[in-house]
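Novice: Sequence:
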Amino acid sequence: EEQIKTCCLWMIELEHVIKKDNEYVRWDAITEMDEHNRPIHTFQVCNVMEPNQNNWLRSNWISRQAAQKVYVELRFTLRDCNSIPWVSGTCKETFNLFYHETDEAHGVKFRPAQYTKIDTIAADESFTQMDLGDRILKLNTEVREVGPINRKGFYLAFQDIGACIALVSVRVYYKKCPFTLRNLASFPDTVPRVDSSSLVEVRGACVDHAEERDTPKLFCGADGDWLVPLGRCVCSVGYEEIDACRPGFYKAYAGNIKCSKCPPHSFSYGEASAICRCEKGFFRAEKDPPTMACTRPPSRPRNLMFNLNDTCLLLEWSPPSDTGGRRDLTYNVQCKRCGPEPDRCQQCEDELRFLPGPLGLTNATVTVVDFSAHANYTFEIESLNGVSDMSSFPRPVAIITVSPSLVGALKKDWASPNSIALSWQQPEQTTLPIIDYEVKYYEKVLKYSAYDSKAPSVIVSGLKPATWYVFSVRTRTAAGYSSYSPKYEYETTGDSSNMASDQGQVLVIVTAAVGGFTLLVILTLFLLITGSKLHKKQTARTPLHCIDYSLCLSTVPYPGIKTYVDPDTYEDPTQAVHEFTKEIDPSRIRIERVIGAGEFGEVCSGRLRTPGKKEIAVAIKTLKGGYVERQRWDFLREASIMGQFDHPNIIRLEGVVTKSRPVMIVVEYMENGSLDSFLRQHDGHFTVIQLVGMLRGIASGMKYLSDMGYVHRDLAARNILVNSNLVCKVSDFGLSRVLEDDPEAAYTTTGGKIPIRWTAPEAISYRKFSSASDAWSYGIVMWEVMSYGERPYWEMSNQDVILSIEEGYRLPAPMGCPVALHQLMLHCWQKERNHRPKFTDIVSFLDKLIRNPSTVLKNFFLPESPGEEMDYPMFISVGDWLDSIKMSQYKSNFMAAGYNTLDSVARMSIEDVRRIGVELIGHQRRIISSIQTLHLQLLHEHEKGFHV
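Using this note's numbering, read the sequence shown as starting at 8 and increasing by one per residue.
The hints are simulated quantities; they were obtained by calculation from the structure and are not laboratory data.
Treat the hints with caution; some may be incorrect.
Derived BS3-like pairs: lysine-lysine, alpha-carbon spacing no greater than 25 Å straight-line [to be verified]:
| hint | residue 1 | residue 2 |
| --- | --- | --- |
| 1 | K99 | K145 |
| 2 | K589 | K621 |
| 3 | K418 | K461 |
| 4 | K343 | K294 |
| 5 | K893 | K845 |
| 6 | K145 | K116 |
| 7 | K461 | K494 |
| 8 | K159 | K183 |
| 9 | K494 | K589 |
| 10 | K447 | K419 |
| 11 | K461 | K621 |
| 12 | K631 | K621 |
| 13 | K145 | K76 |
| 14 | K419 | K471 |
| 15 | K268 | K287 |
| 16 | K855 | K898 |
| 17 | K159 | K76 |
| 18 | K419 | K494 |
| 19 | K418 | K494 |
Hey, can you work out the whole structure from these sequences and the hints?
Specialist: Next up, the structure:
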């Protein structure tokens with residue numbers, strides 16, 4: 008490094024360059040051997056016996072090159088005058104160094120008066136006669152600065168005035184800041200200034216395939232060091248670290264980032280590509296970034312259907328099977344009105360009104376109004392995305408023809424056990440002639456069938472005796488089918504041929520059935536009366552706020568578990584609403600005030616009056632006006648879910664209002680609102696046992712849902728409601744889905760937002776939801792309750808939460824949270840979902856804590872005597888503890904050494920940890936840190952006064 012920062016101007020044995028003058032010839036050129044037996048050439052003078060010495064030695068002419076200041080390094084030996092016998096008083100132990108600047112060499116001419124003295128040189132060490140005998144060479148090195156130098160070159164001269172000296176070498180050099188590369192910029196050799204306190208500013212030049220981001224600068228210091236780097240260059244487009252991006256990779260922006268692999272459906276065929284070109288048939292929109300995959304236009308919409316009601320037409324369809332890889336999917340609707348001749352059609356967009364509009368639709372539905380009741384309309388639905396205009400191929404469309412004309416009412420002319428004869432009136436006016444009619448019919452529990460008829464009547468045969476069937480009819484013209492008529496229900500007659508022979512058997516069966524039914528009614532009434540009395544007795548002895556939670560456990564009976572039915576499986580969604588909910592007369596509802604706003608409308612509080620019962624407080628969700636049928640079904644879907652549940656810890660549905668406006672869902676009123684806001688308002692007001700009681704209620708409700716095969720998917724404190732008796736009830740079933748028959752199966756959703764902070768890792772990564780993922784969410788709810796509504800993971804971003812969980816991070820215990828409850832949380836947060844506790848286990852464990860409150864506090868302390876063991880919760884083991892701190896590989900070490908309980912682990916020291924075979928320092932620290940954390944929690948609670 009020193010050689011790089013210095014430049015030698017002259018370094019040569021002096022005997023080859025010395026210029027001798029007759030007047031000053033007293034230095035002798037001598038060759039000797041050093042201690043390594045190598046020859047060295049020196050100039051020596053030792054005229055110490057004679058007075059008035061003036062011996063000069065001069066170098067050759069030295070070009071200064073770029074130097075402004077040079078350094079002279081002298082290596083020499085000098086003899087101690089006291090060691091020379093009979094020496095005169097003129098003996099010296101110094102010599103002088105001179106220089107003389109010139110623009111050219113003087114040859115042999117030498118004038119001492121022209122030389123300027125640099126310094127008097129003295130030796131740090133001198134040798135004696137004894138050193139000569141031992142051949143010890145005491146070499147001195149001295150460096151002197153010379154400058155500033157303004158001429159082209161200079162001479163050096165050495166004056167001896169009576170010393171015994173040998174000049175071994177002279178090195179003349181100057182310092183520089185060497186060529187360097189910094190921040191993709193090159194800086195040339197730079198000579199520092201003479202003034203050592205000032206720096207030389209040097210501007211760098213970006214290397215090839217790099218460009219300035221900020222002007223690159225370095226400062227050259229007096230010692231040849233580069234200082235204070237400023238600015239930088241960055242790699243140009245298509246380059247990374249000076250290397251060009253190879254084929255198949257690209258770099259679209261200048262910067263010190265790596266080349267990226269081409270996005271899907273694109274490729275770069277050469278080096279240093281700034282962008283990847285799209286494959287044939289794929290495109291990139293003008294505003295698409297180069298990092299985006301190439302996409303293509305979507306396919307046509309699927310399952311185009313219509314629903315006709317007087318002069319209002321609702322068109323609905325499914326998204327295309329291929330969206331082209333984009334999310335900016337929209338739809339355009341084109342309308343044609345056809346006359347008597349099918350090939351003569353005209354555009355009809357100006358005649359009709361499309362709600363919300365015919366172009367740029369983002370939802371797969373549109374409402375059409377103001378059309379003629381006696382015309383045929385053909386609608387073409389095309390799907391588009393951001394690259395549809397870039398394709399030269401025709402856009403695929405879905406086509407449907409609508410004939411608004413309806414037939415008259417269906418009438419039953421006659422019926423038999425196997426047939427029904429129907430007739431109807433022909434439409435009064437039709438633009439196109441009717442080709443035939445299609446009659447759709449189905450048994451109430453089976454799929455439909457169809458009959459074609461040329462005339463306005465039909466005999467439907469092959470039916471079952473004494474069975475109700477549903478019928479509707481539509482017309483078909485050259486333009487297509489019209490909408491179906493309203494539905495009509497008719498019943499076939501009984502089977503007369505078998506009725507007489509079976510009369511005796513039927514009488515016996517009916518008599519037995521009536522007797523059995525009567526007995527069943529009597530038993531049911533008896534059980535209901537007995538259960539009501541027991542319930543009243545238990546309710547009477549339970550305090551208002553249920554402070555003694557041991558009395559609240561399993562005192563409220565509820566029906567046996569049934570299987571949940573997903574409303575989405577019904578062909579007709581309204582059937583699910585009628586089957587699982589109860590219609591309420593709106594006159595029985597009195598709305599008192601607005602308490603909030605929901606997704607579909609306002610949420611109000613009010614009173615519900617039921618004949619023969621006491622008026623009760625209720626919460627009413629309303630559906631705002633202007634809705635379409637899809638929004639109405641989405642609103643009522645939650646009611647058809649809640650209506651299937653009957654549990655004291657699940658929000659109770661009172662009924663719905665669907666036959667008048669506004670459409671309403673009526674549920675029981677929970678005075679204290681959502682659990683998270685309620686806890687924040689009453690921070691620190693409850694005992695640990697009261698909080699555990701709240702958690703037990705939530706777990707009981709989730710156990711009921713899990714037993715029914717139902718996954719909530721959005722379990723959080725904000726979706727738990729609290730009534731005046733502090734009873735917590737699970738609510739908000741908007742995200743919930745049903746499990747399959749396999750208890751280990753999980754629902755997979757293909758869209759929708761996920762509450763990241765409450766959701767299990769497998770549900771975030773793979774959209775796999777199960778009761779085990781609800782158990783993970785329950786652990787987060789526990790943390791919310793014990794921290795009085797604090798936000799999980801605080802201010803961390805969702806991405807940071809996901810990464811932290813993947814790396815094994817888990818929420819720490821809230822302040823004052825018992826170890827037993829935090830360990831239950833950690834058990835709920837097991838990465839492997841099969842290792843998480845079932846809700847049955849959670850309820851059982853919380854019951855144990857409530858019935859024995861001392862166990863909650865006992866887990867704060869180490870045993871007071873060596874033989875005393877702590878009653879840890881059923882989920883806690885040394886293996887679970889090692890799993891939670893990612894040290895499961897040492898389970899066998901702990902077991903073999905006899906550490907099979909957490910009590911024994913809590914007493915371990917660092918020496919114990921090493922002794923059982925934990926050799927890695929990082930692992931030792933993690934294990935000891937975990938043990939110390941437990942100790943700190945115990946000590947903190949002890950100081951607060953908790954004691955068994």
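Novice: Under the constraints set out in the numbered hints, which ones does this structure not fulfil?
Specialist: 4, 6, 11, 12, 13 and 16
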